[in-house]
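S.K.: Residues per chain are reported as follows:
Number of protein chains: 4
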Amino acid sequence: MSKEPDLSYKSYLDLGTLLQAQKPLSPAHDEMMFVVLHQTYELWFKLILFELDRVQGVFGNPVVKDSDLRVVSASLSRITDILRLLVRQLDIMETMTPLDFLDFRHVFRSASGFQSMQFRQIEVRLGLQHDARVGYDGKSFENFLPAEDRDALHEVMKKTSLVDQVGNWLSRTPFVEMTGFSFWQSYRQAVMDMLENDRKAIGANTQMPDAAREMELNKLKGMQAQFDLLFGEGEGEPLPWRFDKPALQSALFINLYRDQPALQIPFKILSDLMDVDELMALWRYRHALMAQRMLGTKMGSGGSTGHDYLAATATKHRIFKDLFGISTFLIPRSKLPPLPPHVEASMGFKYWDKP
Amino acid sequence: MSKEPDLSYKSYLDLGTLLQAQKPLSPAHDEMMFVVLHQTYELWFKLILFELDRVQGVFGNPVVKDSDLRVVSASLSRITDILRLLVRQLDIMETMTPLDFLDFRHVFRSASGFQSMQFRQIEVRLGLQHDARVGYDGKSFENFLPAEDRDALHEVMKKTSLVDQVGNWLSRTPFVEMTGFSFWQSYRQAVMDMLENDRKAIGANTQMPDAAREMELNKLKGMQAQFDLLFGEGEGEPLPWRFDKPALQSALFINLYRDQPALQIPFKILSDLMDVDELMALWRYRHALMAQRMLGTKMGSGGSTGHDYLAATATKHRIFKDLFGISTFLIPRSKLPPLPPHVEASMGFKYWDKP
Amino acid sequence: MSKEPDLSYKSYLDLGTLLQAQKPLSPAHDEMMFVVLHQTYELWFKLILFELDRVQGVFGNPVVKDSDLRVVSASLSRITDILRLLVRQLDIMETMTPLDFLDFRHVFRSASGFQSMQFRQIEVRLGLQHDARVGYDGKSFENFLPAEDRDALHEVMKKTSLVDQVGNWLSRTPFVEMTGFSFWQSYRQAVMDMLENDRKAIGANTQMPDAAREMELNKLKGMQAQFDLLFGEGEGEPLPWRFDKPALQSALFINLYRDQPALQIPFKILSDLMDVDELMALWRYRHALMAQRMLGTKMGSGGSTGHDYLAATATKHRIFKDLFGISTFLIPRSKLPPLPPHVEASMGFKYWDKP
Amino acid sequence: MSKEPDLSYKSYLDLGTLLQAQKPLSPAHDEMMFVVLHQTYELWFKLILFELDRVQGVFGNPVVKDSDLRVVSASLSRITDILRLLVRQLDIMETMTPLDFLDFRHVFRSASGFQSMQFRQIEVRLGLQHDARVGYDGKSFENFLPAEDRDALHEVMKKTSLVDQVGNWLSRTPFVEMTGFSFWQSYRQAVMDMLENDRKAIGANTQMPDAAREMELNKLKGMQAQFDLLFGEGEGEPLPWRFDKPALQSALFINLYRDQPALQIPFKILSDLMDVDELMALWRYRHALMAQRMLGTKMGSGGSTGHDYLAATATKHRIFKDLFGISTFLIPRSKLPPLPPHVEASMGFKYWDKP
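Protein chains in written order, with my numbering: chain A, 120 to 474; chain B, 120 to 474; chain C, 120 to 474; chain D, 120 to 474.
Accuracy of the hints is not assured; some may be wrong.
Any copy, or any two copies together, can satisfy a pair, since identical chains are not distinguished.
[What the hints assert, rightly or not] Listed next, the in silico DSS-like pairs over lysine-lysine satisfying Cα-Cα at most 27 Å (straight line): (1) K454 - K184; (2) K435 - K454; (3) K364 - K340; (4) K142 - K454; (5) K469 - K338; (6) K340 - K469; (7) K165 - K364; (8) K258 - K338; (9) K277 - K129; (10) K469 - K184; (11) K340 - K278; (12) K319 - K277; (13) K142 - K165; (14) K165 - K278; (15) K277 - K258; (16) K435 - K469; (17) K142 - K129; (18) K278 - K129; (19) K338 - K277; (20) K165 - K129; (21) K142 - K184.
Source of the hints: derived by calculation from the structure; they are not laboratory data.
Computed from a prediction, not measured in an experiment: that's the story for all the values here.
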C-alpha cells in the first residue's frame, strides 16, 4: 500500500524547514513570540487566499450553479473562523509589554507589517479600492513597497474583485422580475403606503408636543430621501452605492424572502460576506488598540502613526458596506407584498411535483 | 445542621422571580432573545459595580496596604473577564437578522439601551468625565434620562472616580525620590543623552538621502517636544494628561522597574486597568458594527444615529489613556539608569534579612 | 403613536425585579459572582428551551416544509452560540479561588446545580434517556428533586424528543429510494467492492511484513463487521443505534450527496445537531475540570462526587451519537455511486425549468 | 542608521521559505487547511518550548530570586494564552467535514500527529511520566517513533521536569517553619478541631433522619482518612502524591495566606500552573470530540482508536494534579490559625521600615 514508506508527520509538514525559519535579530526574549505570531498570521493569510480562490472560482463562472453554493458558503465560513482566530490571537501579542517591545523594535528599521503582500492581496481581492484607502503619512501605502511587489499587486487589481463578482451574481438573480410580477413595483408601493401612513399618524396625534412632532417628521423626511435615491427620483447625483440597482434590488429581495428554499443559501452567503467585512474591521480596530498600547503616541515602524491610521482603516476600509446598507430599506414583514403563488412555487424543489 | 431545610437551587437563585421577568411586548420570535440578552448584560453590570466597590474601597483608604493589592488585582481581572464575555455575547445578538429585529423594534418607542443606569454608573465610576462625552444628537445623554436617574448619576459624579484614586495612589508611590536618588533626574539625563545620540547618528550618516534625513530629524523633533512637555519645559500650556506629574512619574517608574518585588503587583494592576479600558473600547466598537448591521443608516431607537455615535464613543470615551501614553516615554532598558543598591534593597522582602 | 408613553429601558427589561433578585446568604465577597453567574446560566437555559420550542414545533409537523428549515437552522445556530458562551462563561467562575468558595459553600446545604429543572428539561427534550444516565451516588438524579419537579419532568419525558423527531424526519427523506434507483443497493455494492479491493491489495503486497499484514487484515475485518451490522447480516443482535435503518440511510445519503440543492440545508441541520451535542459534552467536561479545581477530591454540594460524575456525563450523556457514527460508513467520493440524472434533477429547483 | 538597508517584512519573517513549505499530497481542497493548521500548531509548540526554557531556567537556579518571578508568571501566562488559542483553533479544523477528510486521509499512511516531537517534549518537560501514559493499541507511543526521535526524547526525560522543579522550590519555601511558629502544627490542630466539631454537630442534630446521619458521618470518615494520609497517620502505604510533604505543606500555606505580599506572586504562579494543566486537558478532550466527528468508530491514522485514546489522555495525562488536590485540604478562613506578627512581618516589604 505504501510506495513511499518514509512519510512521517515531520516530513509531511516539512517541519525541518518550518521550524528553522524563526530568526530573531536580537537577544530580546519576546522577539521569538513576535516572529512566531507574525508567521502564523502569514500562514493563515495564505489559507484565506486559498479559500478565496475557490469562492472566486465559483463566482467567476458565467452561471453560478446551485450545487456550487455550498462550497462557497463553506469557504466563507472557514474564512470567518480564521478571522475570528486572528482577532483572538492579538491576546498573545498583548502578553508582551511595551518595554519588552522596545528591546528589539530597532531591528526592524523600515520593515513593517505594512508590507505584508498577502494581506494586501486579501484586501484587493475582496474589493478594497485603491482610491478608498486611507493615506499613510499622506502617501499611498504603495510607496513603501518594493517595485516588484507593487507590480504584482497591480496585476491583482486588474482582476474582478469578490464584491464585484457578487454584485454581478446578484444582478442576475431571477424571481425579482417574473411574468406577471414585479417585485420592485410591489415593494415601492408598500414603502410609499408605509411612509404615507406614518405621516398621517403623526398628524393625527394631537397629544404630541410640537417639538416631538417636528422631530418625527424630520426623521420621516430623512427616510423619504433615502428611498427616493433608491427609487431613482433623485436622479442626477452619483449614487452612494457600489452595487448597481439590480444588484441592490436582488439583495433586498433575498433578505425579505429568505425563507424560500431557493433563497436560503444565497441569504446565508450574504450574511457570511457581512461577517467577513465585520471581522476585518474588528481585527483592524483591535490592532489599533494594540498599537496604542505598545507605542503610545510614538510613530509605528515604517513611519506610520500607528493607532490613528489603523483606527481610520477600521472605519473606512469597509468593502461590503452596501450589504449593511440593505437594512436601511427593509420594511416590516406585515407590510411586505406577498409573493404570487407561481413565483413562490418556482423557488421550491422539483421533487414536490412527484406524485 | 439545617435549620432551614427547604433551601433549594430554585429558591437560592430566586428563579421563581427571575424566570418570570421576561415580558416580550410583541409576538416576534426574536424578542425573547433580545430581552434575555439585555437582562444578562444588566446582571453582569451589577457584578462589575460590585467588584468596583471592592477596588474603590481599597484605593479609598489613606494608605493602600500591600496585602490588599491582591484582591484589587483579582477584582480587576474578574471585570476584564466579564468584559471579554460581554464582547463575545454580541455573537448571540448577531444571530438575529435585521428583518427579525424590525418585527419588534417598534415596541421600544423611546426606550433605549442608552438609558442603562448601571452602564452609566460604570462609566462615571471608572472616571469618564461629563465634558469628555460625545454628544448625542447634539445633546448630552442626560436629556434622555428621567429626572431621578439624572440626579442619582450626579451623586455618583461627586465621588472620586477610580482613575483619580489611582492617580492619587501613584502620586504617593515611594522609591521615586529617596535619599540620594532622584529617579526623575536620572531618567531625564538618560533621555537627553539618547536624543542627542540619535541626532548625532543621523548627522553622521552621510549615505542617507536628504529627504530621509529630514524625516528622521522631524521624528526626533516630535519626540523632543513630547519629552519637553513631560519635563515641564513647555510650561504655560495646559498639560494633555489627566494624571499629575508625580503620578505619571510613578507610572513610568513602575513600568521601567517592574521586576522589583515591590512593583510586580502594582505593575500588574496598571496592566489590568489598561485591559479594562481596551475592552470597554472594544465592546463599544463591536456594538457600533452591530448597530450598523441591524439598522443600516436608519436612526437607532432613542433617536441616536447608531453606528457613528457608538464608534465615536469607542475612540473618545477612553479613561486610562495616560497609562497607554506611558509607552511614549519608555526608553530602552540599555539606556536605563541603574537603581542604587539601597533603593533596590528597599523594594525587596524583609525575610531575606533573616540569618 | 405612543399609548403607553412611559415605557423605559428599565421597565421593558423589568430591571426593578431583576436586579433585586440577587440574595447572597453570606458576607463572602465571591458569593455575588456565584449568584449572578448561575442566574445568567438560567436565563440562557430559558432561551435555549424557547428556541427548542420552535425547532420541535417544525419537526412535530407531519410534513416538514422546506421553507421552515431556515428557522430550524437559525434556532440551532443560536443554541450553539449560547452553548459556546456558556462554556466560555466558566472562565469567570474560575476567577474564584477554592478558598473563596469555601467561604460560602456551607450556605447551600443540600441545594445544588443538580436541581436545575431547566437544564434537566433541555437534556430530556434533546433526547437524553432516563436509563442512559450516569448514576449519582448510585442513585437516579431524580431522588434529589422535589416530587413536583419530578412529576413535571416525567411529563416532559412523555413527549417525543428532538432526536426522535429528527429520526422520524430522516426516515421520511425522499430520494433514497426512487423509481429505478436504490441508494442502498448501490452504496452496498460500492462498499463491498471497496473492501474486496483492499483485501486483494494487502494480499498482493509481498513486501509487507507478516505482522503488518495481519494488522491490516484485522482492521479490515473490523470494518467488515461494522458494515455487516449496517447491512443487516448480523441480524438478531440488537443494533447499537438509536435511529432506525431508514433514518441512518438517509443521514448517510445526506452526508454523501450534500451538495445537491435539496440537501444543503438538511446537511447543515445535521451538522448543527452535532455541534449542539459536542458543545454540551464540552461544557460538561469543563465543568468537571472546574469542580476538581474548586473541590479537589471533596464531595460536591448535593452529595455528588463532583469531577468524576461530571466527566462521566461528558462521555456518556451523548445524544446525537448516531450522527457522529455516520463517519464510520462514509466512503471516498471516488467510490461513490453517481446519482442517476432523474434523481439528481429532482433535487434541484423548479425555476431552472423556466425557459 | 541602517547598515543592512534591505531588511523587509518578507525577509525578516523568512516568508520565502515559510510560504513554500505547504505541500499537500492530494488534490483535495481541504488538505491545504489541514497542513496550515498543523503547521501553526507546530509554530506555537516551538514558542511554548521557548517559554518553558525561561521558566525552567529560573526554577533551575539553586535560589529562585523574587525579582525573577515576574518573568516566570509572564511566560506561564503566555503559555496559557497560547493553549487557549490552540483549543479555539480546533474550530477551524471542524470546518472540514468527515467526507472532505476522507478525500485525503489515505495520503498519511502511517504518519500521525502522534509523532509530533515538539508536543512530546512539552509533555515530558512539564512532567508527564513515562509510566503514567495511556497505552496506545496496548503499546507505548514510543514504538511509533523513529529511533532517533526516541533517543532524543530519552535525553529530555533525564532532565528535571517542571513539576519536579516546582516541587523542589515549594519544599524550600520559608515561613512554614519559623522560630516560634509551626504552620503544620497549628493547621493540624485546626483541622482536628473542625472535624471533631462537625462530628458533634451531627450527633446533636436529633431531627436528622438516621439515613442522612449515616451519610454525613461517612462523608466525615472519608475526609478524616484523607487528612490522616496527609498527616502521616496512614504511614506505610505509598502516598498518592507526586510532591513530597514539605512541598504540599508549602502549597497549602501559599493558598491559605496568599494575601501576604511575599506570597502573592507565588500564589499566582501556582494558579498559572493549574491553568496550564487544565488547558492541556481541555485541548485533549476537544481533540477527542473532533476525532470522533471525523472518524466515527474508525481507527485513526497511525492505528490509534482515536476518540477513546484521546479522551483517556485528557483524564489521565494530568501533571499538576497535586495542586488541584490542595483544595481537598483547605479549611474555612474562620478556622485558620492566625499568623504570629513576626511571621507576618517577615512577609512584607522592607520599605515600610523607613521612617
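S.K.: All hints are to be evaluated individually against the structure, with a verdict given for each.
M.R.: A quick look at each hint next to the structure:
Proximity of K454 and K184 under a CA criterion of 27 Å is satisfied inter-copy only: 24 Å between copies versus 32 Å inside one chain copy. In this assembly of identical chains, the alpha carbons of K435 and K454 never lie at most 27 Å apart, being 34 Å within a copy and 40 Å across copies at closest. When the C-alpha separation of K364 and K340 is checked against a cutoff of 27 Å, the pair qualifies only within one copy, where the shortest distance is 22 Å, while the shortest distance between copies is 52 Å. For the homomeric pair K142 and K454, the shortest alpha-carbon distance between copies (25 Å) is at most 27 Å, but the shortest distance inside one copy (63 Å) is not.
For the identical chains of this complex, K469 and K338 are neighbours neither inside a copy (46 Å) nor across copies (43 Å), given an alpha-carbon limit of 27 Å. In this homomeric assembly, K340 and K469 never come within 27 Å of each other (Cα to Cα): the closest approach is 45 Å inside a single copy and 42 Å across copies. Within a single copy, K165 and K364 get their C-alpha atoms no closer than 34 Å, and across copies no closer than 43 Å, so neither meets the 27 Å cut-off. In the homo-oligomer, the alpha carbons of K258 and K338 lie at most 27 Å apart only across protomers (17 Å), although the nearest pairing inside one protomer, at 39 Å, exceeds that limit.
In this assembly of identical chains, the alpha carbons of K277 and K129 lie at most 27 Å apart only when taken from different copies (24 Å versus 39 Å within one copy). In this assembly of identical chains, K469 and K184 lie within 27 Å of each other by CA distance both inside one copy and across copies; the values are 16 Å within and 14 Å between. For the identical chains of this complex, K340 and K278 are neighbours neither inside a copy (40 Å) nor across copies (44 Å), given an alpha-carbon limit of 27 Å. For a Cα distance limit of 27 Å, the shortest separation of K319 from K277 qualifies neither inside one copy, at 52 Å, nor across copies, at 46 Å.
Taking CA atoms no more than 27 Å apart as the test, K142 paired with K165 passes in both settings, with 21 Å inside one copy and 13 Å between copies. Proximity of K165 to K278 under the C-alpha cut-off of 27 Å is restricted to the intra-copy arrangement: shortest distance 18 Å within a copy versus 39 Å between copies. In this assembly of identical chains, the alpha carbons of K277 and K258 lie at most 27 Å apart only when taken from the same copy (22 Å versus 47 Å across copies). Within a single copy, K435 and K469 get their C-alpha atoms no closer than 45 Å, and across copies no closer than 42 Å, so neither meets the 27 Å cut-off.
Taking the shortest Cα distances, K142 and K129 sit within 27 Å of each other both inside one copy (20 Å) and across copies (12 Å). Within a single copy, K278 and K129 get their C-alpha atoms only as close as 38 Å, which misses the 27 Å cut-off; across copies the closest is 24 Å, which meets it. In this assembly of identical chains, K338 and K277 lie within 27 Å of each other by CA distance neither inside one copy nor across copies; the values are 42 Å within and 37 Å between. Taking identical chains as interchangeable, the C-alpha atoms of K165 and K129 lie at most 27 Å apart whether they share a chain (21 Å) or sit on different chains (14 Å).
In this assembly of identical chains, K142 and K184 lie within 27 Å of each other by CA distance neither inside one copy nor across copies; the values are 47 Å within and 30 Å between.
In this structure, the earlier hints numbered 2, 5, 6, 7, 11, 12, 16, 19, 21 are contradicted, and the remaining ones agree with it.
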